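Chain residues, written in single-letter form:
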Amino acid sequence: MRPTLRTALALTVWLLAATPVTAGRVVEVEPYRADGWLYVDVHTADLLDPRTRSTVESGLPGHCRLRLELRDARDEVAVRRVVERVLEFDLWEGIARVRQGASERAFRSIDAADSAWSHFAGLRLLPWERVDLDGRYRLHVQVRVEPFGPEERERVSEYVSESERGDRRELAFDLGGLVGRLVGRGGTDDDAPVWTSPPFRPASLPERAP
Amino acid sequence: MRRSRRHSPVSDTRAWTALLVCLGVVCTLVGAVLPAAAQPDRALRLEAIESMPDRPGLAPALGDLVGLWPGQAIDAADLRAARRTIARSGWYERVEVYTRPGSEPGTLVLRVEGELDDGVRLETGFGHDPLDDWYLNLVGLRAHHLIGPASTARLNFQFGRRRSALRLEIEARRVGGSGVGLLLDASGGAEQWNVFDDDRFYTQEIGRRHVHIGARVHPTRSTALTLWLGRSAADPQDLTQEEGERRDPAPGLVGPFGRQEEFGDLRLDLTLDRRDHAQPWRRGLWTLLRATVSEPDSGTTFVRTRAALRAAVPLPAQQALAFRGDLAWTDPGTPYHLRPIFGGQGSVRGFRDASLSGGRGARAIAAASMEWRTPLLPRGAPDARVHGVLFVDTGRFVDAGGDTGPWSTSVGWGLRVRLPWVERVALDAAIPLTPTETGDPFWVHGSLGFGF
Numbered sequence: 001m002r003p004t005l006r007t008a009l010a011l012t013v014w015l016l017a018a019t020p021v022t023a024g025r026v027v028e029v030e031p032y033r034a035d036g037w038l039y040v041d042v043h044t045a046d047l048l049d050p051r052t053r054s055t056v057e058s059g060l061p062g063h064c065r066l067r068l069e070l071r072d073a074r075d076e077v078a079v080r081r082v083v084e085r086v087l088e089f090d091l092w093e094g095i096a097r098v099r100q101g102a103s104e105r106a107f108r109s110i111d112a113a114d115s116a117w118s119h120f121a122g123l124r125l126l127p128w129e130r131v132d133l134d135g136r137y138r139l140h141v142q143v144r145v146e147p148f149g150p151e152e153r154e155r156v157s158e159y160v161s162e163s164e165r166g167d168r169r170e171l172a173f174d175l176g177g178l179v180g181r182l183v184g185r186g187g188t189d190d191d192a193p194v195w196t197s198p199p200f201r202p203a204s205l206p207e208r209a210p
Numbered sequence: 001m002r003r004s005r006r007h008s009p010v011s012d013t014r015a016w017t018a019l020l021v022c023l024g025v026v027c028t029l030v031g032a033v034l035p036a037a038a039q040p041d042r043a044l045r046l047e048a049i050e051s052m053p054d055r056p057g058l059a060p061a062l063g064d065l066v067g068l069w070p071g072q073a074i075d076a077a078d079l080r081a082a083r084r085t086i087a088r089s090g091w092y093e094r095v096e097v098y099t100r101p102g103s104e105p106g107t108l109v110l111r112v113e114g115e116l117d118d119g120v121r122l123e124t125g126f127g128h129d130p131l132d133d134w135y136l137n138l139v140g141l142r143a144h145h146l147i148g149p150a151s152t153a154r155l156n157f158q159f160g161r162r163r164s165a166l167r168l169e170i171e172a173r174r175v176g177g178s179g180v181g182l183l184l185d186a187s188g189g190a191e192q193w194n195v196f197d198d199d200r201f202y203t204q205e206i207g208r209r210h211v212h213i214g215a216r217v218h219p220t221r222s223t224a225l226t227l228w229l230g231r232s233a234a235d236p237q238d239l240t241q242e243e244g245e246r247r248d249p250a251p252g253l254v255g256p257f258g259r260q261e262e263f264g265d266l267r268l269d270l271t272l273d274r275r276d277h278a279q280p281w282r283r284g285l286w287t288l289l290r291a292t293v294s295e296p297d298s299g300t301t302f303v304r305t306r307a308a309l310r311a312a313v314p315l316p317a318q319q320a321l322a323f324r325g326d327l328a329w330t331d332p333g334t335p336y337h338l339r340p341i342f343g344g345q346g347s348v349r350g351f352r353d354a355s356l357s358g359g360r361g362a363r364a365i366a367a368a369s370m371e372w373r374t375p376l377l378p379r380g381a382p383d384a385r386v387h388g389v390l391f392v393d394t395g396r397f398v399d400a401g402g403d404t405g406p407w408s409t410s411v412g413w414g415l416r417v418r419l420p421w422v423e424r425v426a427l428d429a430a431i432p433l434t435p436t437e438t439g440d441p442f443w444v445h446g447s448l449g450f451g452f
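Just so you know, the protein sequences line up as chains A and B, in that order. With my numbering, the residue at position 165 of the first sequence is 165, and numbering never jumps. With my numbering, the residue at position 391 of the second sequence is 391, and numbering never jumps.
There could be a bad hint or two in this list.
Unchecked claim - Partner residues are not named here, just some residues of chain B that face chain A (Cβ under 10 Å, in silico):
no., residue
1, R42
2, R55
3, P56
4, Q72
5, I74
6, A76
7, A77
8, G90
9, P101
10, R111
11, G119
12, V120
13, D129
14, L131
15, F159
Hint data in this document are derived by calculation from the structure and do not stem from the laboratory. In this text the structure is predicted, and so the values were computed from the model without any measurement. All residues carry an ideal CB built from backbone N, CA and C; glycine is no exception.
Chain A with its partners taken away, still in its complex shape (with noise of 0.2 Å):
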């Protein structure tokens, strides 16, 4: 078997195995060298959750964000990306547009959108020179999608709650949930789930075109 489809396989198997049933599952993470680079393909699916999904068809935008970090053997990033996506759909042309960044893609359908957006090909990594080919590096890849698109700032954390009577502001810090939190009690981040590859040595990956 060649290396290429030795490595893809590995990682697909063992990604399949790792991920839960959820919006957002990282199918196959393929790693690969092209152009002096270290290059990767990412495929996902079910990136339409039902509550996206609902507000593209109602015409609103859908929004994905990708976080991918290559982290060497003793777990260090070497190198972080991230790829941000917008699904939305023209109630009065029918048609379904995907941006990402000033690129936008139109297609017939939602459906036929969301396969193409599922598919993050030719994510450049680290020049090749940088990599170490004997090295045994993972992968971490992180997926959110949600409504309308992400918020303009910062999140912020839970335990804080704003009200707005007349023109009064408060702002509430929630001084039990955040003891609760300190001593073990309560109290998550409900951050996207975060996959990661088995490791992979870049002397065995194949060489082809991103």
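Keeping the supplied structure of chain A fixed, place chain B upon it in accordance with the hints.
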């Protein structure tokens, strides 16, 4: 003190009443015109709000909370702001906010799914009221949905720059699915009354307590009418000298006052809220018209009125021009410690708090501010971490004796910094352009939020 010319109380009353009425008319007209001009073409429109779990009155209360109503044109930015407001309201343990297609193309239904948080929370925090300045909720208890969906009950030890009190507030929104909300506001504590006399600075502690019950209705989507009824009491203490050469306070510096003054109160608030949901500091309008009638247990009935305007107009590159206007009038029988004060954060920022209106308060005030707001870090960002502001404040007042003071004006600059937990904090430095009572060359104020 400056003394220009005397006015008769009757002509003063008519002039201030006319000003209040004019401000109300202008605000209503501007509020009616602004949203019509902002309607986009081919806009998505909100058909309904659905709540899971579905409790009577919860869906319309959510609409009140996020300022969305059926028929309104909305976009993704509105819904991100709504999601943020709902998530941070404390009404839910966890909440999902999304939309589904409505019954006609171009319409949509906002769905809010989550587990209601009906536990009692121990909390601390901050608050800001443009009419009463910022305060600290040192420690308190809060519970939602106790007396119906979307109700809130709170008990807090509040400390402000001039106030401290134990305060209980209960708000039952949309009672029984109706359009009426019921309110209770009770507190007991003390207020500091500032008195300046040349280079001497005195403070007077005034014990205060009140119990008010209220009812709120929404005559239109963006207006609220609140009627308050209840009792209040004030207990002025002796003056304490804080600064300057030791000397007993001059007769008539404050007061007259007795011990344990008690009042029956009736108050009517009419608010118009057309602030933008996504960028309230950059666009929108908020106004308040308030009339309070109080009847002391001994003495004659007195009336106080208040009008406030906060407006912001967007400029290119995420900049904004913001305006603040305040008018207040009290009739001559009003106790001094219930009169408006002039000078400081809430009026003319180049002066110390209450330093212009004197120890007996102002019979009437008029103040206006204009503030240019620009994002500094990052430059041109829609929700920048740091904003810079340049402002000019001006205003004048009628003192307790009925004399109209000169215009007082200050200019200044400030920063608005967005912090992860505390949200925005404001720091302003202002220079008085007109004579001061205290001789300070500049004054610095801090507050929460954008200030106004």
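A quick look at each hint next to the structure:
1. R42: holds, 6 Å
2. R55: Violated, because the Cβ-Cβ distance from R55/B to chain A comes to roughly 19 Å (cut-off 10 Å).
3. P56: violated, 22 Å
4. Q72: violated, 14 Å
5. I74: holds, 9 Å
6. A76: With Cβ-Cβ at 5 Å, under 10 Å, it holds.
7. A77: holds, 8 Å
8. G90: Since the shortest Cβ distance to chain A is 4 Å, the answer is holds.
9. P101: Hint on P101/B: holds, closest Cβ of chain A at ~4 Å, below 10 Å.
10. R111: Holds: closest Cβ of chain A sits about 8 Å from R111/B, inside 10 Å.
11. G119: Holds, about 8 Å.
12. V120: At 8 Å from the nearest chain A Cβ, V120/B passes the 10 Å test, so the hint holds.
13. D129: Nearest chain A Cβ about 4 Å off; hint holds.
14. L131: Given a least distance of 7 Å, the restraint on L131/B holds.
15. F159: violated, 14 Å
Of the numbered hints listed earlier, those contradicted by the structure are 2, 3, 4 and 15.
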